[in-house]
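**Student:** First to last, the protein sequences are chains A and B.
Take 64 as the starting number for the first sequence in this note's numbering and just add one per residue.
Take 4 as the starting number for the second sequence in this note's numbering and just add one per residue.
Treat the hints as calculated values from the structure; they're not laboratory data.
Hints are not guaranteed to be accurate.
Which residues of chain B face chain A? A few of them, derived with a C-beta cut under 7 Å, are [stated by the list, open to error]: (1) 147; (2) 150; (3) 151; (4) 179; (5) 312; (6) 574.
DSBU-like cross-link-like pairs, simulated, lysine-lysine; straight-line CA separation at most 35 Å [said to hold, decoys possible]: (7) B/10 <-> B/153; (8) A/132 <-> B/145; (9) B/153 <-> A/146; (10) B/283 <-> A/68; (11) B/145 <-> A/93; (12) A/93 <-> B/10; (13) B/279 <-> A/147; (14) A/102 <-> A/120; (15) A/111 <-> B/279; (16) B/473 <-> A/120; (17) B/145 <-> A/146; (18) A/102 <-> B/283; (19) B/10 <-> B/200; (20) B/172 <-> A/93; (21) A/120 <-> B/145.
Owing to the predicted nature of the structure, the values given are computational and were not obtained by experimental measurement.
Glycine included, each C-beta is placed from N, C-alpha and C at the ideal position.
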Amino acid sequence: MDFPKIHESEYRFCLIMWEHEPVTAVELVKLCQDQLGWKRTTTYTVIKRLGERGVLKNDNGTVTSLVSKDEAQACEIDELVEKKFEGSLPAFIAAFTKHQAMSEDELDEVQRMIDRIRKGGSQ
Amino acid sequence: MNELFLKIINMSISASWLILAVLILRLVLKKAPKWVNVLLWGIVAVRLICPLSFESALSLIPSSETIPLDIEMAAKPTIDSGVPAINSVVNPVLSSFAPPQHVLTSANPLQIWIPILNIIWLIGVGALLLYTAVSYWRLCRKVDTAVRYKGNIFQSENVSSPFVLGIIKPRIYLPFNMNGQDLEHVVAHEQAHIRRKDHWWKPLGFLLLTIHWFNPLMWLAYVLLCRDIELACDEKVIKELGNEQRADYMQALVACSVNRRMIAACPLAFGEVGVKERVKSVMNYKKPAFWVIIIAVIICVGVAACFLTNPKQDRYTLRIVVPAGSQEEFVYTEEEVSTVRNSIKIWSGDGLGDTEVLLFPVNKTAETGYTATYLTHGMSVEFDAENDTWFKIGVNMQNPTNEDIIVYVEVENVEVRIVDEINSVIEWFDYLETPDEMKWDGSLEISLTEFPDVTFRWTYGEMLAVKGSKSTSLYTGMPIWNAYFCDLTGDGLPELCSSISWGSGMIDNRVIIYDYANGVSYELSDRGYFDFTLRQDHQDGRLYVDKTKYHTDELVETGRLVFKNHCIQIEGFSNEAHQVFQAEILEIHDGNYLVKPVEGSWELSSADRIEVPIRNVHPSPEPEIGDVIEIEYAGEILETYPAQIADVYGIKVIEKNKGFTHLANDD
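Extracted from the complex, chain A is given alone in its bound form (with noise of 0.2 Å):
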């Protein structure tokens, strides 16, 4: 299936929506309110909107994600690679490792990545 399209303002809803969920429409307006400046329309606005695209789902004044955070940033970086990169992932990584000085740690971590991908594991 399609991965719902998320805008830049929609995206800074869902990680509130994520970070509380499961959570009544009326908590996230106030959570709107205090964190982005939203009025309470229009939280109950871009919860339909979301509802409609298959983003989240709204059970009697409760929301639950049915994207979860990683999925929709995988298809983020999916869709930056497409647009700026030709698609090339090594392109990507070597631009993205030119300027972001990597640690020790955090090398091994990739590494331990690749070699489980390497292995035919799903993750």
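Use these hints to put chain B onto chain A, whose structure you have.
**Tutor:** Just chain B now, kept in the frame of chain A:
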């Protein structure tokens, strides 16, 4: 409603002069800090908002009321732009709109056009307000999901370039993809906008543009205001920055430059107008010298003084001499006044107590009669007055003392002329002064430029007008002693004035004034009681009438010959306090009108049938049976039946008989 529209147009026109001045000053003030420019636009706004203004001699606005508010009612619509060149172009066009004279039914076409233009204006205002409301609402919708960055700064993926939105609680909106240093500069710029209250000034400017949308100069002013606001805001930010940071600031400026529509309704955007100009201005910025600021402020104060005030109206103080012993009702100014604004404003001046005042049209062609109005000290009286008509101002004052009293009236909106009637008296001959030279068997002839095809011929017994081979008798005498030409009626054509003797056995002297242009004569006589003779005064050159007791040289009264209330009168004569009544003509016979005074007149209680000699009749329209006429007489009614009036000084028709005119003619 039309009045509001005309007021707005007038405000727009007077503000346009100010806008032109600001446009010029902007060129001069290139070196001055940019906030001075914004301040100048502020002065324009004050001119546009404030409906009232006081007058000052400093004012450089040519005219505070270019279009008279009652232009659609004016018989001859004219504008007063204060610039003669404009007036002379526009006014003939406007005058061509005027209905043909004497056609009462046709309306001034401006009465149709002004309401139409008014509606077009309202539609324009409504459309712009709607546009503003819709675009504001859509913008609000677009940024409602913007998330708070910190404080009043929000980010949204729907924003392409930064701006400030909101009047009461303004928020800064930024796009998401903005990195640290750019963001810092952009926020500094937008915060400076908020501190400068630009989020108020700009919508205010747009509101004024909405009202004055028909004025192209206003659109130019608004575009320039937007630029000046941005430049002034940049200035405020970079004042605090070093050279290096200025370069970064310019970088941010370029990064955010986005092509936008020029007249966007509301938001203050970072990269809105003239990026090139702004970069240049930031690069060239030097802290202005103190004296530059001082001069700029002085210029602003000067502009405010010269353009926020309205021009001082020309005010004249006119003198009125109330002669010793005067019992007249009204005494008039020597000078005559005329207006181009359809109204004349009068104040009482030195020496004048509370009294009645009136405008008296000197040429009888004036269509409106002017009724007296009470004038109180310190309060003005405004008269409707036809344009291009000359008036004398009269005040109701008697003078029981032995000395002349001098009072003053002040008058505004007028041109003043001093009438030089002396030149208009032309002496033809006067044998009263030299009776020995009387040519009993000769004749005299004279031609006047005013009557080119006529020769006036005098023989001792008759005055003739000779036109080609045809000659008309004007009047006869036994003999005709003297003749003067003088334009008494003010129609530009002189009347022929003579002293004549009349009768056999009982000979009396009379004065006759023959208005050749209108074919009507006036006569002063009181047979058997008084003699009247005409003479030209050697000192002031004017015509005077001497009234002596019959057949003696005992002078009773003397006075200047004048034309007043549609009849020839002698100024200063006691019988000048004429009575006037209105009556209906019942019959016309034997040189008399048989009349019945109208209901409610004092004369009706004295007699219900009065014989009035047909004398001193105003020529047009000619009185006919059934007409209501106004009769001016000495106040004496002889108790016969029908009653009789001896001295009639003037008769004029005030109401034509509608139903029976033709019947009477056919008889």
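**Student:** Straight-line Cα separation of residue 102 of chain A and residue 283 of chain B no greater than 35 Å?
**Tutor:** Distance of about 41 Å is beyond 35 Å: violated.
**Student:** Would the hint linking residue 279 of chain B and residue 147 of chain A be met if the CA-CA limit is 35 Å?
**Tutor:** holds (31 Å)
**Student:** Is residue 10 of chain B within 35 Å of residue 153 of chain B, Cα to Cα?
**Tutor:** It is violated: about 48 Å lies between the C-alpha atoms, which goes past 35 Å.
**Student:** Straight-line Cα separation of residue 283 of chain B and residue 68 of chain A no greater than 35 Å?
**Tutor:** Since the Cα atoms of residue 283 of chain B and residue 68 of chain A sit roughly 42 Å apart, the hinted pair is violated (cutoff 35 Å).
**Student:** Next item in the hint list is residue 179 of chain B. Is there a CB on chain A closer than 7 Å to its CB?
**Tutor:** holds (5 Å)
**Student:** Does the alpha-carbon distance linking residue 145 of chain B and residue 146 of chain A stay inside the 35 Å limit?
**Tutor:** holds (26 Å)
**Student:** Does the structure keep residue 172 of chain B and residue 93 of chain A at a Cα separation of 35 Å or less?
**Tutor:** holds (20 Å)
**Student:** With the threshold set at 35 Å, check whether the alpha-carbon distance from residue 93 of chain A to residue 10 of chain B stays at or below it.
**Tutor:** violated (52 Å)
**Student:** Let's test the interface hint: is any C-beta of chain A closer than 7 Å to that of residue 574 of chain B?
**Tutor:** violated (86 Å)
**Student:** Given the hinted pair residue 102 of chain A and residue 120 of chain A, is their alpha-carbon gap at most 35 Å?
**Tutor:** holds (21 Å)
**Student:** Does residue 153 of chain B pair with residue 146 of chain A here, judged by a C-alpha cut-off of 35 Å?
**Tutor:** Holds: residue 153 of chain B and residue 146 of chain A sit about 30 Å apart, inside 35 Å.
**Student:** May I ask you to test the interface hint for residue 151 of chain B with respect to chain A, counting a Cβ-Cβ separation under 7 Å as satisfied?
**Tutor:** holds (3 Å)
In this structure, the hints that do not hold are numbers 5, 6, 7, 10, 12, 15, 16 and 18, in rising order.
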